[in-house]
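Student: Here is how the chains run, residue by residue.
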Amino acid sequence: MSETKKYKKVAYYPGCALEGTAQPYDHSTKALGKALGLELEEVKNWNCCGAMEVKNIDPKIQTYLSSRVMSIAANEMGHDVVMAPCNGCYHNLKKAEYDLAHDEGSKEVVEKISKKAGHETYKAGQVETIHALDWIKDSIGEEGLKERVKNSLNGMKIANYYGCMYVRPRHIFPEKDQGPGSESTSAPHFMDDLLEAAGAENVDFPLKTACCGGAHTLSDSDTSTKLVLNILEAAEASGAEVIATECPTCHSGLEMHQIRAEKVLGRKTNVKIVYFTQLLGMAMGLSAKKVGVHQNISDSMDLMKEKGLA
Amino acid sequence: MPIHEKHLIRPENLVSHENLVIDGIDVSGDWSTFIRSRVVPDYNENLQEEIEALPGGEFIHRCWQCGSCTNSCTMNAVNPDFNPRYWIYLIRMGFESELVRDKDIIWQCVSCNKCTYACPRDVVPEGVMKATAHWLEHKGYTPKSPSMVFDEVFSEQVIERGKIEDGEVVLNFLTRTHQKLTQPWLIEMVKRLMKHLPVKMLATLGLATIFKPRTKGWGPARDAIKDYVKERDEAATDALGPHIAYKKPETPEQIAAE
Ligand code: SF4
Ligand code: SF4
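Taken in order, these protein sequences are the chains called C and F. If you read the first sequence in this note's numbering, its first letter stands for residue 1, the second for the next number, and so on. If you read the second sequence in this note's numbering, its first letter stands for residue 1, the second for the next number, and so on.
For the record, the hints were derived by calculation from the structure and aren't laboratory data. Do not take every clue at face value.
Unchecked claim - EDC-like cross-link-like pairs, simulated, lysine to aspartate or glutamate; straight-line CA separation at most 20 Å:
no.	chain 1	residue 1	chain 2	residue 2
1	F	K144	C	D222
2	C	K226	F	D81
3	C	K112	F	D81
4	C	K6	C	E142
5	F	K230	C	E111
6	C	K115	F	D227
7	C	K6	C	E147
8	F	K144	F	E156
9	C	K9	C	D138
10	C	K30	C	E41
Isolated chain C, as found in the complex:
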């Protein structure tokens, strides 16, 4: 089979959301990995990366939190790749990596806290942090996926939604925008590529990297509802049946404000919200239940049945 096996075994950093409300993302990621013969070893005693919040109290604490996760993966488990399916975790680890390589102040604070906390200080370059999208794209790839499709997504019309933290700010993702084969920060396509290989028909969706207001999903819910509604309506206008997500915060933000838009603004949308790992999992022959489609708030079981996937 054609594949590079580049990330055959990686350290897995699920993060808090995947342990809580985003369990379907965690389950489907693990199930998909297993179906594809990729091994995940969970980072031991991991902590929260700081999400969108701790940086507003102090960005250097956030850098420390993320560095501790990478330090354990590298120094205590001997890994050189950490895979995070959550955009927030992925972003924060990348940001910490960048700051530790470029900012003396951050380095000092991280060294000081790590020493007091009694673990080795993380040094920039010890691990490579990747997203679940890179993980599948670079170890299995489109060709590899095509060979393994058992239940094609059968022309399911999908709008691929990447959100903010996967692409911005550009400087923390030095591997992106490197020409053919690399991911783009202005028009990301890794998820599109993978889902297309699994038989989906990707629609032309203009709001791939728009913001869902996830940072203020509860503290400024009116704004978030407006931003989400915009995304949902644009997806429907592009002809999408499903919005594929690759971030638990975006995913639950879309689900929650889809309901809120209906209840508060009286604007109902029908587009379904599904994790890309769930879609790929079903294409690989896993049942809709196995990848937790029935656990999503956005109810897409009927659609999956109609498509012969459930």
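Given the coordinates of chain C, work out where chain F with the ligands should sit on it, guided by the hints.
Tutor: Then chain F with the ligands, alone, in the frame of chain C:
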């Protein structure tokens, strides 16, 4: 003569007269609308330094006012008064009173970093927004914004236990901001959650709020972070002066001014 770009002028600075007689000559009609000249009575010469002293504000001096941040801004599309470029200008000029007029919307920045992406000078306007929101709160111009309360609830839990439990964060936030748990959309969400979640998962989520998830061996990290926070708070007080508590407006004039 019509006033072009009228929307750029604050309404209270526009004066119109039905009948206007100057030196015995009736100049009503075309000449009846005036823009009141603005007088800035107070500059804060240290404003830029104060913002620079707060996390996120470090690079404000690099701004060359190109406007790309505002042009790309998510919040500006929702509310045209949300204008990062303008606020950066005011801060750099020391126009404190002018900046304070927008005090109730600056915290609304959603951290999408479109501005950071677009900025040709690496100002990191997103950071400047956070620094400015903190500055407003520190100086007693605003109470803690809902987002600041959320950040605190969240961070307290992370520092204390190493991990968060999202249900608990949400509950604590709603309680601290005095929000009802019976809002129809919240109820609808919980209903749908109940419909689809297997009992086992509900049980895990429920148990998580009682047996709070925590990172094993977190104690020393928690103490180290707390030490750092203490030092950092002292440094902020050195740069900005003591924290001033926000006072709710009480007299009718104060309320009107709000
Ligand atoms: S994009 Fe950057 S340089 Fe341009 S106005 Fe905004 S902060 Fe200033
Ligand atoms: S990060 Fe804030 S200021 Fe920057 S574009 Fe987004 S909402 Fe606007």
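Student: The structure should be examined with respect to each hint, and the outcome stated for every one.
Tutor: Now for the hints, and whether the structure bears them out:
1. At roughly 18 Å between alpha-carbon atoms, K144 of chain F and D222 of chain C fall within 20 Å of each other, so this suggested pair holds.
2. A C-alpha spacing of about 17 Å is found between K226 of chain C and D81 of chain F, which places the hinted pair at or below 20 Å, so the restraint holds.
3. Only pairs whose Cα atoms come within 20 Å are accepted, and K112 of chain C paired with D81 of chain F is rejected, the gap being roughly 42 Å.
4. Annotation: proposed proximity of K6 of chain C to E142 of chain C holds, straight-line Cα distance about 14 Å (limit 20 Å).
5. At roughly 17 Å between alpha-carbon atoms, K230 of chain F and E111 of chain C fall within 20 Å of each other, so this suggested pair holds.
6. Pair hint K115 of chain C plus D227 of chain F holds up; C-alpha atoms about 13 Å apart against a cutoff of 20 Å.
7. Our distance criterion of 20 Å between C-alpha atoms is met by K6 of chain C and E147 of chain C, whose separation comes to about 18 Å.
8. Our distance criterion of 20 Å between C-alpha atoms is met by K144 of chain F and E156 of chain F, whose separation comes to about 15 Å.
9. A C-alpha spacing of about 12 Å is found between K9 of chain C and D138 of chain C, which places the hinted pair at or below 20 Å, so the restraint holds.
10. The suggested pairing of K30 of chain C with E41 of chain C holds, with an alpha-carbon distance near 10 Å, which does not exceed 20 Å.
Of the hints listed earlier, the one the structure fails to meet is number 3.
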